[in-house]
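S.K.: Position in the sequence shown (from 1) plus 15 gives the number in the numbering used here.
The set of hints was computed from the structure by calculation and includes no laboratory data. The reader is advised that the hints may include incorrect statements.
Restraint ranges, calculated between C-beta atoms of paired labels, are given here [said to hold, decoys possible]: (1) A177 / G109: 31 to 37 Å; (2) R151 / V27: 23 to 29 Å; (3) S53 / Q171: 23 to 29 Å; (4) P205 / Q20: 39 to 45 Å.
All C-beta atoms in this analysis are idealised placements derived from N, C-alpha and C, irrespective of residue type, glycine included.
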Amino acid sequence: MTSYQMLDVRVVDIEIVTAQVKRFTLADPQGRPLPAFSGGSHIIVKMQDGEKRYSNAYSLLSSPFELDRYQIAVRRESPSKGGSDFMHDRLAVGDTLTISTPNNLFALAPEAQHHVLIAGGIGITPFMAHLHELQRSGQRYHLHYCFHSEEHNAFQQQLTQAPFTDNVSCHVSSLGGRLDLARTLADVGPGAHIYVCGPRALNEAVYRTAAERVSTPRVYTAKPSPPKTRRAAPLRWCWPGRVLNLKWRKT
């Protein structure tokens, strides 16, 4: 069972990223370093609005090497159970939040020779911290960031600037730039590990294509159930905010 501690943080900045997404920067009220974390980690955010209480988990997207702050991105859900509406409508700079210490169930595989990251929409968030680790370590990687249109683009500008420029491809489906999974995964070598976080359709398409195109697929993905396929593959289950770990084999 996962254990964690709770701590108070202050909201020091709120940025409108898209019409549906806001980025929140959190810091220790006394200016102390926040607990260390690794790429793929999430925190649980406790919220109270009168008598209503909410508890949501969000991926940390800031650099693991800069512990003066945490950053999370929150998409307004429709319909919302209350948490995302609270974060968007009620939270202001200077407010205090109670959060958990970070927990990581979507870490990079240390044995991988090549990391292929595939993000769809808000599913980009757990990969943001991964990129800082990969860039610093010098490991081989490439991120494919898929989104429908420019108004759904959360972090393209940040991702297409140094130092990530040469290792990131953006795929805008409304402009005819949909990711060609068959072609992308056909070039994946035996030492590569594939990670995907996004809508269910994307997660399932990646898993299915990897099973068909990759000789020994190692897929870390976000999906409630594996698609029907003849090949077994390790599976790590993660989605922005809520994360589980499991292994599936076809019987």
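S.K.: Confirm or reject each hint.
M.R.: Do the hints match the structure? See the list:
Distance hint check: the CB atoms of A177 and G109 are about 33 Å apart, consistent with the given range 31 to 37 Å. Checked against the hint of 23 to 29 Å, the pair R151 and V27 passes, with Cβ atoms roughly 25 Å apart. One distance hint, 23 to 29 Å for the beta-carbon pair S53 and Q171, holds here, with the actual separation near 24 Å. At about 41 Å, the beta-carbon gap between P205 and Q20 stays in the expected band of 39 to 45 Å.
This entry satisfies every hint, going by the numbered hints stated previously.
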